[in-house]
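Going down the list, the protein sequences come from chains A and B. Heads up: the first sequence begins at 438 in the working numbering, then just goes up one per residue. Heads up: the second sequence begins at 69 in the working numbering, then just goes up one per residue.
By construction, these hints were calculated from the structure, which means they are not laboratory data. Mixed in with the good hints, there may be bad ones.
Claimed, not checked - Beta-carbon label-pair distances, calculated as ranges:
1. B:L303 x A:P478: 28 to 38 angstroms
2. B:D207 x A:D649: 17 to 27 angstroms
3. A:F583 x B:I513: 50 to 60 angstroms
4. B:V399 x A:A576: 22 to 32 angstroms
5. A:F583 x B:V520: 29 to 39 angstroms
6. B:I306 x A:D649: 17 to 27 angstroms
7. B:P295 x A:G566: 52 to 62 angstroms
8. A:G480 x B:L307: 52 to 62 angstroms
9. B:P295 x A:A576: 28 to 38 angstroms
10. B:Q459 x A:G566: 54 to 64 angstroms
11. B:N337 x A:Y676: 56 to 66 angstroms
12. B:L303 x A:E645: 42 to 52 angstroms
Glycine included, C-beta positions come from ideal geometry on N, C-alpha and C.
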Amino acid sequence: MNASPPLLDVSNLTIRFGGLLAVDAVSFRADDRAITAIIGPNGAGKTTVFNCLTGFYRPSSGALALRHGGQSFALEAMPDHRIAAEARLARTFQNIRLFPQMTVLENLILAQHRTLMRASGYTILALVGLGGYARAERAAVERARFWLDRVGLLAHADDEAASLAYGDQRRLEIARAMCTDPVLLCLDEPAAGLNARETGALSALLGEIRDDHGVAILLIEHDMALVMAISDRIVVLEYGRKIADGPPSAVRADPAVIAAYLGTGDSDGMAAV
Amino acid sequence: MARPLSAPAGTLRREVSDALVFALIATALALPFIGIYTVPATAGLRLATRLPDLVAIAGLAFVGRLGLGLARGPWAAGAAVLGLAVAAIGWVGLLPSREVAVFAIAAGLVVLIRGAMRAARGSAEPGAGRRTGADALADGAARLLPYLGPVLFVVALVLPFLPFVDRRLLDLAILVLTYVMLGWGLNIVVGLAGLLDLGYVAFYAVGAYSFALLALHFDWGFWACLPLAGLFAALFGILLGFPVLRLRGDYLAIVTLGFGEMIRIVLVNWTSLTNGPNGISGIPRPSFFGLEFTREPQPGTQSFHQFFGLEFSTLHRVIFLYYLILVLALVTNFFTLRIRRLPLGRAWEALREDEIACRAIGINPTNTKLAAFAIGAMFGGFAGTFFAARQTFVSPESFTFIESAIILAIVVLGGMGSQLGVVLAALLLIGIPEWFRELQDYRMIAFGAAMVAVMIWRPRGLLAVREPTIRLGRRRRGAPS
């Protein structure tokens, strides 16, 4: 398994905001067709790592390599929209970012912008009715319909995204990310604000994305039951440093992790584990 | 203290005391503004008082507040009578000055309408029917809305041949259509892409001057210059777009405002090219497929009336200009309606909704924004070319900031992104003030009142309903708007 190079290889990632060292020489890897979780107390730098991977922040130093299909993408040097479109890394946001006034279906069609733009002859051909735009749009709608069915939102396809319930919005954001046809899906706290039943459904959905669609997942999550149940590998951050990295069983028993979450000695504990 | 007018009506006693407090505050405020004024005296200025006006204003404030208060309760009919009485007093000239009389009439009519509306709903117990008259009106309008567009289209098509249409109305229609076209052009930038552009008139100016200069120096005609002027304006759109790519909201508005002023100031000062404030005159008029609209055509050519065997009339040219701007505006409209359903148009709307989410799904915000600026500017350029051809004269005076503000007001008032809303807003903002020109400055009061009314009853614009660009299911009739 270790013979093939990993899908995502993060080495010595460091991010400084002025004098603040947010992420300090963190290295980890995410394998193809696997769920890798990044956990850690609040402020550990998890979302900052995500923002670097997706091009929203530039790392101060370090290398981020995404390899698939015989190509290697240096994410640290790519603008954000090209990371999504060319390196095929999709993400969701901790505070959901949909297109609220647009319909559920439109949100999913927009995720296929790159393909559709090419099919429309960069607008010029489609404007005069040339090229195969209608066919491409039908294919895009089919793809959207598939994911709407998977996340159980088919009945809401023509509703405004803002009118959906919170849990539905979370699932729509995942569906939108999947419509971009990614190889790596980065989810920032997908279970936040969900009830137990919704979390169960999410867990099944993530397993399906990994197993049936062959998409690797990088997951930030505070729901430890979910993380332990579905992760193939867990990376633990604290104060911008990696303190543990391994399969769930090993991480669960790691004294450094227990110290980070429960505190050492008599200090106040965080009952998160 | 003064309670909000939305509160339920109190007892008669409470309403009277409430109105008294209100009148007292109004008097205190009016004392320095209305009660005292300065007159020239032998040495400098002397203070004089305007006691009757002050008393009249205080009385108006009392009666107006009392009327509005009573109009909410069981005395609504009384309030209506009170309002009518106040308006009548203002009308017959019992008040000390014309200004006060105008306010009295306006205030009286408001109280009359509110009282009458309440009384007409009968002695409905408060809180029972939460639907107001405005809601019912909006519902009725929503049912008629699908027909409004086609009806306006047909009226626009046959307008020059309607019996009551004269030269003046046709000129007004051309003006309104010019603003409709500008509104539709700006709608791409502001309504769809969400980029607040306060300098749209710059592209209008670029289009107008492109045609004027090409006609002056190279003797090119309207039809040759039209696409070129659009292209130049689009280039200026990209020129403006580059530096403002990273700006949004208020910051973007300030920079675009500055850009609009820059273009105008360059036009004023670059005298060798633009002839400065004197402008450029003698711009050729557009021809009808090579047929001129002149009584005596140049030797060897035919003019419009000769070719069609008509009696010469200056009206032909006006009708032609009317159809020209109608076609230009409709092209803008159909373009927008079409591009909304294409990936680029959807990306514009997505950009308006959330730029960060756009980046996360692989939409290139730079290209998308530049396309919006360029295409919006292009239609502004087309409209500018038409403007120059219609006036046969351009000067920087026509391209001041107030034009940008009016075009933006049309887009915002119509409901951002709504094509039909732009038409209604242009009719309201351009048509009505022009039509009531005899009322002079009072028309601006009516204009302001209309704006305030729209803000109160339709805060998101006249037509703020967004139509999805694609549907999975069949269209549901009677869906909540």
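Structure-based check of all given hints:
1. At roughly 54 angstroms, the beta carbons of L303 (chain B) and P478 (chain A) sit outside the given window of 28 to 38 angstroms.
2. Restraint check, D207 (chain B) to D649 (chain A): a C-beta distance of roughly 48 angstroms breaks the suggested window 17 to 27 angstroms.
3. Between F583 (chain A) and I513 (chain B), the C-beta spacing of about 59 angstroms keeps the proposed range 50 to 60 angstroms intact.
4. At roughly 31 angstroms, the beta-carbon separation of V399 (chain B) and A576 (chain A) lies within the given 22 to 32 angstroms, and the hint holds.
5. With their beta carbons about 50 angstroms apart, F583 (chain A) and V520 (chain B) fall outside the hinted range of 29 to 39 angstroms.
6. Range check, I306 (chain B) to D649 (chain A): about 45 angstroms between beta-carbon atoms, so the 17 to 27 angstroms window is missed.
7. Range check, P295 (chain B) to G566 (chain A): Cβ separation about 21 angstroms, and the 52 to 62 angstroms hint is violated.
8. Taking 52 to 62 angstroms as the suggested C-beta distance range, the pair G480 (chain A) and L307 (chain B) does not conform, at roughly 44 angstroms.
9. P295 (chain B) and A576 (chain A) have their C-beta atoms about 35 angstroms apart, which keeps the hinted 28 to 38 angstroms range intact.
10. At roughly 36 angstroms, the beta-carbon separation of Q459 (chain B) and G566 (chain A) lies outside the given 54 to 64 angstroms, and the hint is violated.
11. Checked against the given bound of 56 to 66 angstroms, the beta carbons of N337 (chain B) and Y676 (chain A), roughly 60 angstroms apart, stay inside it.
12. Taking 42 to 52 angstroms as the suggested C-beta distance range, the pair L303 (chain B) and E645 (chain A) conforms, at roughly 50 angstroms.
Checked against the numbered hints above, the structure breaks hints 1, 2, 5, 6, 7, 8, 10 and satisfies the rest.
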